[in-house]
Amino acid sequence: MALMPIAVVVVGVFLPAYPLRILDLVLLYAILGMGLNIVVGYAGLLDLGYVAFYAIGAYTYALLASPQFDLHLPFLLILAIGAGLAALAGVLLGIPVLRLRGDYLAIVTLGFGEIIRVLMNNLDWMTNGPQGIARIDEASLFGWRVSTPVDFLYLLVGLAVLTFLFVWRLQESALGTALAAVREDQDAARGCGIDTTGVKLIAFATSATIGGVGGVVFASMQRFVSPESFTFWESLSIVLVVVVGGLGNPFGVMLGAGLLVLVPELLRAYADYRQLLFGVALVLVILARPMGLIRREYGPSWFARKLMAR
Amino acid sequence: MRFVTLTLTTTLLATLSGAAYADITIGSAGPLTNSEALFGATWMNGMELALRQANDAGGIGGQKLVLQREDDGGDPKQGTLVAQKQCDNAGMLAVIANFNSGVTIPSSDVYHRCGMPQVTNSSNPKVTKGGYANLFRPIANDLSQGAAPADYALKTLGAKKAAIVHDKQAFGQGVAEVFQDVFKKGGGAITSFSGVAQTDVDFSALLTTIKSENPDVIYFGGIMPAVGLFVKQAREFGITAKVFAADSAFTPDFIQGAGPENAEGAIVSFQAPPYDSSPQLQDFAKAYKAAFKEDPGPYSAYGYMEAQVVINGIKAAGASPKRDTIVPAIAKSDFDSLVGHVSFQPNGELKQPFIFLYTVKGGKFELLK
Amino acid sequence: MATLVLQQLINALTVGAIYALIALGYTMVYGVLRLINFAHSEMFTAGAFVALFAAGLLGGVTGHPGVALLAGLATFVAIGLLGVSVEAVAYRPLRGTSRLAPMLSALGMAVVIQNVVMLAGGRRPLIYPSFLPRGVINVAGAIVSYKQLAILAVALVLMVGLELLVNRTSLGVKIRAVAESAETASLVGINPNLPIALIFFVGPGLGAVAGILYASYYGVATFSMGFVIGMKAFTAAILGGIGSIPGAVLGGLLLGAIETFATAWMPALTHGVIGTEYRDIFAFSVLVLILLFRPSGLLGEHVSEETMVYKRDF
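Chains as they are written, first to last, in our numbering: chain Z, 1 to 310; chain D, 1 to 369; chain R, 1 to 314.
Chain Z on its own, in the form it takes in the complex (with noise of 0.2 Å):
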């Protein structure tokens, strides 16, 4: 399994620019599904909104490192920053809606993504309203530039790497069972003793948090940042990256990164159809496999013991 990250880096950078920019775009939409796989996929809860962390994730990037404030803070700092604003957002948000129903909160977060995209668009002051922010800062890491797609893609390896550790270990952990157990009954969970609220706070908490990482990672990819790419079809195709691949499944999420990501591209010469053939693919795929492409039996832990087992 390990040899797997080290593939795609041997692979990527052997690559022309352009597909290794997708590759690029794989990677950072594998690490936002597994983020918000947590959610969705452990604890069983729709969030249509994820891209509102995404959008505080780049936008903490883009006002701390760009002449808009002529600050210029380190690239580490901020993704600390970055992730820590999403992660207050995420408890602040689920406080009050996780009390309620598993279809509210899908409305709600809904709600709350077109809120702070409208907020982005509208607080001209701070984010430079519809015009958005250019001239972001390039990113450097210890001395380290990160500009090209080659850097990014090491960047994004280690990030995707780092990710997928931190949520086989979070679903192996007593937090993980804890959330399959609400997930599969929640009455039963809070028999059990379980703080029902208390687990699903903390899942909606770690997967803000991995969106605001991704946010800060992709304005200094895009060294640029404007509302019209915080719309809800963001927040619907990173939903269609868990849920393509593989509810509860890293694995999955890595496969439906990359379809997401990979079939629009190559649709791109059927440009007029490309939609309508995104739409078809979509709803074919539910019909034939409604809990995705990969189940969750076959998750890390699985392929864990099979390599044991050989």
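It should be emphasised that the hints constitute simulated quantities derived from the structure, not laboratory data. Heads up, some of the hints might be wrong.
What the hints assert, rightly or not - Stretch by stretch, here's where chain D covers chain Z in the computed footprint (C-beta under 8 Å, at least three residues): (1) 130-142; (2) 226-236.
To be verified - So the derived label-pair ranges between C-beta atoms look like this: (3) R:F293 / Z:A80: 51 to 61 Å; (4) Z:R145 / D:G265: 55 to 65 Å; (5) Z:R169 / R:T169: 50 to 60 Å; (6) D:P260 / R:G141: 42 to 52 Å; (7) D:D324 / R:T97: 54 to 64 Å; (8) D:S278 / R:P129: 32 to 42 Å.
If you're wondering where the values come from, they're calculated on a predicted model, not measured in any experiment. Heads up, the beta-carbon is just placed ideally off N, CA and C, and yes, glycines get one too.
Please arrange chains D and R on chain Z, whose structure you already have, making use of the hints.
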């Protein structure tokens, strides 16, 4: 999983790097699938027409020109991907991209890295702030687009009070702010400066407020169809103030959408003279209709002119044109296009931006002197 | 001032009536299947386009006034059938699998329908001929157009009709039984497929009519117009209490009023800090507040989390 990754990457390599090298390829990128798809598609048709005409005249040094259209969905992320794809295509000598300022700003970073000559149609003043020598903008930016109507309102109409509405998008808000500045500096008063949501079609609440402010003129910074609806609803509410709108209203759809009786007297700024105003433009409109079986869109003539800029640049770049020889050739552009004279300042902006004011009279656009 | 308030009130009622018509479709589907039918907003869009096509076949809407009515009816039926087929193809096979799967299938269908409308109807915003009478009358200084009156009248007739259908007919009884509990209903011999098909006929039909009214009122139709208005209508449904038919109507009217008055007065009240550009989030802010303080909506049944049964939501 390793297998999957490998399969994916090999598929990528196989499908994405197979570019054609035979002809001279010019790239274009703009919105083809979102709500602005119409503008993007008709804009690219304009380019296509310029290329076909050049090919009919023998191409460049015997080589045919090919336009490769890409969809950026008006989305910065897709825009940078497309930019990279075009950069990687060694046979691509220049691009006409992008349509939206929000896409051009990040994509110009990528094009700059590979020295790609880039001609853009996005009008936000910030676009050229990157200081990239390979980026050209042969159209008026928002500064002139917002200033001309404000001057006209103050000096010719003698207006004292203006209400300003914009759609909270980079373009609409940009021109509205310029209008506001120029109008204020000229001694006018702004009764209100309001944004509306881009997708809004119901302006009744806002108009009811504006009516009570009784402005002399109303400036609307936004695009179709909102601008047509705005004018229509304003008149239905009995608001008689002179209405000004920016370039995207320069289409028969605006008059139809607002209703000819409501659009009457509205003033629209536009970078080009009317399609029927010169034999050149009449020919263009005719040729366009013959080629694409529909009337040209609001940006078709720009697309045509921008393609000419590129074609002339490639021709001027010598026997075997390369990206780095085309850039200085475009910088030296100096020709009369169907919309006006094209020559660039060192920062890539037009030397003399052309902007025209039109008024609606009898259901048609008429040039204001 | 009074005139101004009256004028805004009429504006609010018109917008609210359209929201309400769409909200009915969301609320009925949710009430029975616990499904957020994301494709519903596209029924609204498709309705506007199909009606224009139908009117064209009948010789144009500007001719005989009967054409508008006939085209409207034809559209109701056509979009109703579309709704039924979408349910049969994309939702029914997923019934009982998980709560998430049908919602995503619905999102996929939304994308599909929107793109079909785009390919068939074009990307250009369509200048929409009015299906409604023209002209205005002056009521105490406020300007009321015949269009606005016609929209209110059509909406009222349809809502009363729906209320009668659900409460006074045997089909209505079946719908309510299935909404209460599909399992119990099947125990007493009600096949849930018929009432569900009926809901997927009526809801999209109403949404389609709303599309015609909306496009006629504003004079334009675009293939992408459903998304935002759909989200607002869904908000209206929750506001009124999801699953409740009178709730959807009340929610729609209330949301129209909140939006209109907030847009009109917020800028002055907050000295321009909150301007009209916040219009779209007035609706969402209301939504969040409602869910926090009265999750069951205004007319919904009160459900506390303790009594909710969680059974493998996903």
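How the hints compare with the structure:
no.: 1; hint: 130-142; in the structure: holds (count 5)
no.: 2; hint: 226-236; in the structure: holds (count 3)
no.: 3; hint: R:F293 / Z:A80: 51 to 61 Å; in the structure: violated (35 Å)
no.: 4; hint: Z:R145 / D:G265: 55 to 65 Å; in the structure: holds (57 Å)
no.: 5; hint: Z:R169 / R:T169: 50 to 60 Å; in the structure: holds (58 Å)
no.: 6; hint: D:P260 / R:G141: 42 to 52 Å; in the structure: violated (28 Å)
no.: 7; hint: D:D324 / R:T97: 54 to 64 Å; in the structure: holds (58 Å)
no.: 8; hint: D:S278 / R:P129: 32 to 42 Å; in the structure: holds (34 Å)
The structure does not agree with the numbered hints 3 and 6 stated previously, though it agrees with the rest.
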